[in-house]
Every structure is written in structure tokens, then in C-alpha cells.
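First to last, the sequence lines map onto chains Y and E. 8 is the number of the first residue of the first sequence in the numbering used here; add one for each residue after it. 8 is the number of the first residue of the second sequence in the numbering used here; add one for each residue after it.
Check before you lean on any hint, since a few could be wrong.
Identical chains share a label here; the pair holds if one copy fits it or two copies do between them.
[Said to hold, decoys possible] Below are the SDA-like pairs computed for lysine to any residue, each with C-alpha atoms no more than 20 Å apart in a straight line: (1) LYS107 x GLY30; (2) LYS160 x ALA274; (3) LYS107 x MET256; (4) LYS160 x ALA295; (5) LYS160 x VAL130; (6) LYS199 x ALA259; (7) LYS244 x ALA234; (8) LYS9 x ALA53; (9) LYS206 x VAL297; (10) LYS199 x ASN247; (11) LYS107 x ARG238; (12) LYS9 x ALA86; (13) LYS199 x ILE17.
To be clear, the hints were calculated from the coordinates, so they are not data collected in a lab. Source: prediction; values computed, not measured.
Number of protein chains: 2
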Amino acid sequence: MKIGFIGLGIMGTPMAMNLRAAGHEIIVPDRRSLTQEMRAAAQVVADPAAVAEAAETIILMVPDTPDVEAVLFGAHGVAEGLSAGKLVIDMSSISPIATKDYAARVNAMGCDYLDAPVSGGEVGARQATLTIMVGGPDAAFARAQPLFQLLGKNITHVGAENGAGQTCKVCNQIIVALNIQAVAEALTFARKAGADPAKVRQALMGGFASSRILEVHAERMINRTFAPGFRIRLHQKDLNLALTAARAMDMALPNTAIAQQMFSVVAAREGGAEQDHSALVQAIETMAAVNP
Amino acid sequence: MKIGFIGLGIMGTPMAMNLRAAGHEIIVPDRRSLTQEMRAAAQVVADPAAVAEAAETIILMVPDTPDVEAVLFGAHGVAEGLSAGKLVIDMSSISPIATKDYAARVNAMGCDYLDAPVSGGEVGARQATLTIMVGGPDAAFARAQPLFQLLGKNITHVGAENGAGQTCKVCNQIIVALNIQAVAEALTFARKAGADPAKVRQALMGGFASSRILEVHAERMINRTFAPGFRIRLHQKDLNLALTAARAMDMALPNTAIAQQMFSVVAAREGGAEQDHSALVQAIETMAAVNP
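Only chain Y is shown next, with the shape it has when bound in the complex:
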């Protein structure tokens, strides 16, 4: 199949390569940043409009909501090249509310739209083990499913409404942030009270307090290894999506709001926002005058 791929960053590049390796033709817009490897593997055209003209399915993997809007509806954007019957899949992590609008505008051109954000990071992108959370009509999902299977493992059709995939991704980021803060408050409490956080972690593994975060991120907090991983800057972006959508829906997310403030405390330090999100523990420590 002719697949347009727009957004060839840390995530997008290995994803496009996995589609290519399965025999699909990849069409990409020209950018100075395109690697030689990508120029060799893909058909390079002028811009997103030209990508949409040449491809049957167009995949987006860009940083944030305004980037998706620009790629879709900006000058020389995808919308200028679309014709009826094509499929647009946005795999970026963006606003669930904006997503409904973008989908409606693409549908109005006679095209299918899916929101399909992922989790699993660069490793998941390279190894094709991403978790993919999909929102959109059944028929569009069925059409995209063979492509998703080349990119990820745990593929869930969350709902037939567009935005359901993005909503699910926001839920993921809420839980991950709050589980990190849970472990950060507990381990700092232990430290402050004179107990060994490593022993506490060990005692709690296997019980009701157990989580992937207690397994992985608590260890990073104990060993003080805050190289990313997943950067605080990106998690701040995701919690902003959560809090903005919640505000629009008249909904309080009290602990999510506090976690966002804690990320700001860490981001205030030199290089703080570029650390792994487990470094949130530094905010709790700073407030408690704990010298780890």
C-alpha cells in the first residue's frame, strides 16, 4: 500500500521503517532533517499536500495539537491533497477535543479519520511493540488494523467516536504521573522517617501497592538515575492536555493538577524538564528539605 508518513522524529522514523520492511511504499514530505536512510527508503515529495495526493493512507506522528492542525489544514497541508476515500491516521498524542473537530473536517471531504496515539516509547516503536489506542468508526479501524499490527502489539479499539483513542492516552498519562507521585510521596516519607527506601520498595512489591511504576521508577528514584526515559517536558505537555480537556468539560482532576505543579517545581531547575519523569520525586524532597 502507498502510505504517507508525516513526522519522522524519534518515534516516526522507526515506525515508518517497520511499514517499509513489510513491503509498503512510504511517501514523505521533504525536510532538510531527512536522514540518508529515509531518503533511500521512501519516495520524497514536496509537502504534506503532495503526500496526501500520492498516498492512500496518511499517518501523522508529530509533537502536539498545533502541529497536527498545521500539517492537516495549513498551507500545502494534507487537506489540499486529499480526495474522497482516503484514510488519515493521527498517531500523535494531542487534544481529544481538537481531534473531534479535525476528524469532522476530514470526514467532510469523504475521507476516514482515526486517532491512534501510542505508548511504549522509542523502544516500542523500534521493536514494533507499541500499545495503540484507537478511536474512530469500525470500518476505518478494520481498514487500518493490518498497519497497526506492523507497529504494535496491544491494539485496542477504544471507541467508534473519534477522540476515544486520545482520551485513552490522556488516561494513561494521568495514571502514570499519579503513580509516580504516589511512589515519590511514599519513598520520601520513608527517607524522612529514617527508613531505607529500597527496603520499603522491596517490602511493598507483590502487594496491593505494586505497579510498573513501583518496579521501574521507584528504582530510578532510589538509584538517582534520572536520565530519560520519558522527559518531564513531554509529561507536562500531556498533563496540560488532561487539564485543558477537563476544564472544558467542567471536571476537577485534583491530583493531576498537583502533579503538574510538582513537574513545574522540577522544571524550574537547570535541566530539570529534560530529566526522566521519575525525577518528580525531587519536588517532594525539595519541599521537605530532604537531602537525598
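Got chain Y sorted already, so can you dock chain E onto it with the hints?
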């Protein structure tokens, strides 16, 4: 060994029975509430002082900090019957700070003291699969270890300082409460945005958002099954221990403080405090005017 056991409630009764089944002599203080089964299985004496006189090791399993203080140092309390060389093990969940004081007073009588709170609930008590978190000197721990092995499975000597076990238990309760709130905020966000919480839970299992709480408590929230389980009333008691100790140590636990407020929102309803702690989700729903 002659083991005194004080506090024969839902947890204490099966624990005492497990020690009895392994061949130990159990000595208990007389109470109207003693079951016939317990009267047949144990030696019944007048009061905690008489228990401490007759037993080598005295185990406490009572509800809260003031109960431990009364049993140890009140009229006809354990302290009145203690003589040098005995071992006191407090398996209740109480204040880590008060624990240091009680241990010092018991040590001053020439006796060992361990704090050894548990998690795993009534089922864990009956099946001898409790998680046991122990604080106190190495020699005392070594002395108690054979008894712990009759009561639980995951036994951790958290630290040689008394209070380390209670600190660990507080950490457990912080993480469990905050992981419940994490799932509650996320699933209510999903519901409010029109996505199916069950599908969201399914998509997130196995990723970084996964936890025992996402497995067990998220399902209770989705199925609206709030019969305990672990009662909100008891979790309020435990978070009070966390917040009181944090206050005494000049430490902020922002999300723990919020979770305690959310439990209060649920407890304000008729029967609310007697529900399972997963019913915390009702506080998030109430604030968002979500009708589940």
C-alpha cells in the same frame, strides 16, 4: 513457646489460631467477646498484665495507636506483667512516631520490641500469607522470625530502628490510596469524555499505567461493586497516620492530603465510610456531576 495474643478481632483471631495450629501455647486476656473456639484453644487469664506474666512473647493486634498505648501502659497493662528478656511484637498499624516511644519504654524494662504491621487483610491472616513489615533490632527480629513464618509470606526486616515497620506500612497505604485516586481520575475523565472506561482499562493493562489497583479496584469502579474489601473508614485512619507523622516531620504530602479529602467526600454520604476504598471514585464523579 508461650505466646500472649492481645486483640482477637477479624485479623487477630485467625493469626492466633495459626500459631496454635503450629503447636504454640496461646495465652489471651479474658473478654466477653471471646469465642468458644478461642476459649477452648487458648489459656484465658485476667488481663494484659497477666498475659505478659505468663508468656515469653506478647503479640498485639489492636485497632489504633491509643489502643496499643492502653494495652501496654494502661492499668493492668502489659508493662505491669513484663520482666526482663521478654519480647513484645506490635502487629497493629499505628503511628511510627509513637512506636519509637513505646519501644524505648519497653526496652527500658530489659525487653525486646518489634513493630511488625501487616497487609493482606482477613484472607491473608487466615491463609498465613500476610505481608509483614518489621522494624527493630536484628536479634529481636531473628527471635521473632519463626513466628512470622507461621503468619505470613513476604516478611521484610525494613530496618533495625523501631518504627521502620510502621513507616513502611504507612508508605503502603499512601501508595494504595494514590493509585486508587489515579485510576478514579482517569476513568472518570474517560466517562466524562464519552469513552468506555472498561475499554480504557483494558488498553492500559500491561503498559506503564498497570498496577494491582488498575487490575482489581478499577474493575470494582466499572462494575460499581463497593462492598468491602477494605473500608474507607480504615483507610482514613491510615492516611491520618501518614499526615500526622508528615506534619510532625515538617513534610508536605500534597496528593495524600487530597486523597484524604476525597475519602471525606464519600464518607459524608449515608454508609459511605463503610464502602470499599475503591468507592473514592464517587468523590471525583460527584465533583464532576457525572452520573455513572
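A quick look at each hint next to the structure:
1. In this homomeric assembly, LYS107 and GLY30 never come within 20 Å of each other (Cα to Cα): the closest approach is 32 Å inside a single copy and 68 Å across copies.
2. For a Cα distance limit of 20 Å, the shortest separation of LYS160 from ALA274 qualifies neither inside one copy, at 33 Å, nor across copies, at 42 Å.
3. Taking identical chains as interchangeable, the C-alpha atoms of LYS107 and MET256 lie at most 20 Å apart only when both belong to the same chain, with a minimum of 14 Å there against 48 Å between chains.
4. When the C-alpha separation of LYS160 and ALA295 is checked against a cutoff of 20 Å, the pair qualifies neither within a copy, at 42 Å, nor between copies, at 34 Å.
5. Taking the shortest Cα distances, LYS160 and VAL130 sit within 20 Å of each other inside one copy (13 Å), while across copies they are farther apart (36 Å).
6. Proximity of LYS199 to ALA259 under the C-alpha cut-off of 20 Å is restricted to the inter-copy arrangement: shortest distance 11 Å between copies versus 31 Å within a copy.
7. For the identical chains of this complex, LYS244 and ALA234 are intra-copy neighbours only, at 19 Å inside a copy versus 38 Å across copies, given an alpha-carbon limit of 20 Å.
8. In this assembly of identical chains, the alpha carbons of LYS9 and ALA53 lie at most 20 Å apart only when taken from the same copy (16 Å versus 86 Å across copies).
9. For the homomeric pair LYS206 and VAL297, the shortest alpha-carbon distance inside one copy (18 Å) is at most 20 Å, but the shortest distance between copies (41 Å) is not.
10. In the homo-oligomer, the alpha carbons of LYS199 and ASN247 lie at most 20 Å apart only across protomers (17 Å), although the nearest pairing inside one protomer, at 31 Å, exceeds that limit.
11. Neither within a single protomer nor between protomers do LYS107 and ARG238 lie at most 20 Å apart by alpha-carbon distance, with minima of 27 Å and 40 Å respectively.
12. With identical chains, the CA atoms of LYS9 and ALA86 are at most 20 Å apart within one copy only, with a shortest distance of 17 Å there and 82 Å across copies.
13. For the identical chains of this complex, LYS199 and ILE17 are neighbours neither inside a copy (39 Å) nor across copies (33 Å), given an alpha-carbon limit of 20 Å.
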